[in-house]
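Trainee: Under numbering that gives the first Met the number 0, think of the first position of the sequence shown as 0, with each following residue one higher.
Honestly, the hints are just simulated from the structure, not real lab data. From a predicted model like this one, the values you see are computed outputs, not experimental measurements. Built from N, CA and C at the ideal position, the CB exists for glycine as well. Wrong hints could be hidden among the right ones.
[Stated by the list, open to error] Below 25 angstroms or equal to it, Euclidean Cα-Cα: the simulated PhoX-like pairs (lysine-lysine) are:
#1 K72 <-> K111
#2 K72 <-> K133
#3 K133 <-> K12
#4 K72 <-> K136
#5 K12 <-> K72
#6 K12 <-> K136
[Stated by the list, open to error] For each label pair, taking beta carbons as the anchor points, the in silico distance ranges come out as:
#7 H6 <-> E73: 31 to 41 angstroms
#8 H6 <-> N129: 11 to 21 angstroms
#9 F61 <-> K136: 15 to 25 angstroms
#10 A31 <-> D10: 17 to 27 angstroms
#11 P88 <-> G113: 16 to 26 angstroms
#12 K111 <-> A52: 43 to 53 angstroms
#13 T50 <-> E22: 32 to 42 angstroms
#14 W24 <-> P64: 17 to 27 angstroms
#15 P88 <-> I112: 15 to 25 angstroms
#16 E22 <-> M60: 23 to 33 angstroms
#17 K136 <-> A52: 41 to 51 angstroms
#18 E22 <-> Y49: 28 to 38 angstroms
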Amino acid sequence: MDTDTAHIRFDTKIAILLRDDLESWQRLNVSAFLISGIATANPELIGEPYTDADDTGYLAMFRQPVLVFAGSKETLRTAHSRALSRNLPISIFTSDLFSTGNDRDNRAAVRKIGRDDLDLVGMALHAGRNVVDKVLKGARMHP
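Working from the sequences, and respecting the hints, build out all of it.
Mentor: Here it is as structure tokens:
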């Protein structure tokens, strides 16, 4: 088998779970914020920089796909609980963050609410494939 074209199967999965009632701009915004948390916590997930045929350089990106899922508010709450019970590092985005404009205010908005009362609109995680599948059980691939 030609190793340059062989299918690569990753032992881990990078996943984002979004609440299914978000507007399009919110889904994109939340995804961008959430995935930045995964990237900063897991620098080994970042591949090599890109270069085009004209030798123009571009930034490096994840070495593996990022899967995006959708689910109800309850699906998100359940996934959040499952991730925390497994001590998985996750990034979260709450509805309050749509009304803040900077990192300091974002952190303050999350800090003032207990974990069981967070109005989650998204979360992201990176873990073993089976672990991510168990945490996100009940969610569906984002349309």
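Trainee: Hint by hint, note whether the structure agrees.
Mentor: Comparing the hints with the structure gives:
Between K72 and K111, the direct Cα distance comes to roughly 20 angstroms. Compliance with the 25 angstroms bound is thereby established for this hinted pair. This hinted pair checks out: K72 and K133 have alpha carbons roughly 17 angstroms apart, not beyond 25 angstroms. A distance of roughly 12 angstroms separates the Cα atoms of K133 and K12; the hinted pair therefore holds under the 25 angstroms criterion. For a cut-off of 25 angstroms, the pair hint linking K72 to K136 stands: about 14 angstroms separates their Cα positions.
Of the pairs offered as hints, the one joining K12 and K72 holds, with about 22 angstroms between alpha carbons and a cut-off of 25 angstroms not exceeded. Restraint check for K12 and K136: satisfied, since their Cα atoms lie roughly 14 angstroms apart, inside the 25 angstroms limit. H6 and E73 have their C-beta atoms about 35 angstroms apart, which keeps the hinted 31 to 41 angstroms range intact. A hinted range of 11 to 21 angstroms holds for the C-beta pair H6 and N129, which are about 19 angstroms apart.
Between F61 and K136, the C-beta spacing of about 23 angstroms keeps the proposed range 15 to 25 angstroms intact. Checked against the given bound of 17 to 27 angstroms, the beta carbons of A31 and D10, roughly 26 angstroms apart, stay inside it. The hint said 16 to 26 angstroms for the Cβ distance between P88 and G113, and at roughly 19 angstroms that hint holds. The beta-carbon spacing between K111 and A52, approximately 51 angstroms, falls within the hinted interval of 43 to 53 angstroms.
At about 37 angstroms, the CB distance of T50 to E22 agrees with the hint of 32 to 42 angstroms. Roughly 23 angstroms separates the CB atoms of W24 and P64, a value that falls within the hinted 17 to 27 angstroms. For the pair P88 and I112, the supplied restraint of 15 to 25 angstroms holds, since their beta-carbon distance comes to about 19 angstroms. Taking 23 to 33 angstroms as the suggested C-beta distance range, the pair E22 and M60 conforms, at roughly 26 angstroms.
For the pair K136 and A52, the supplied restraint of 41 to 51 angstroms holds, since their beta-carbon distance comes to about 44 angstroms. For E22 and Y49, the hinted distance range of 28 to 38 angstroms is satisfied, since their beta carbons lie about 31 angstroms from each other.
The structure meets every hint from the earlier list without exception.
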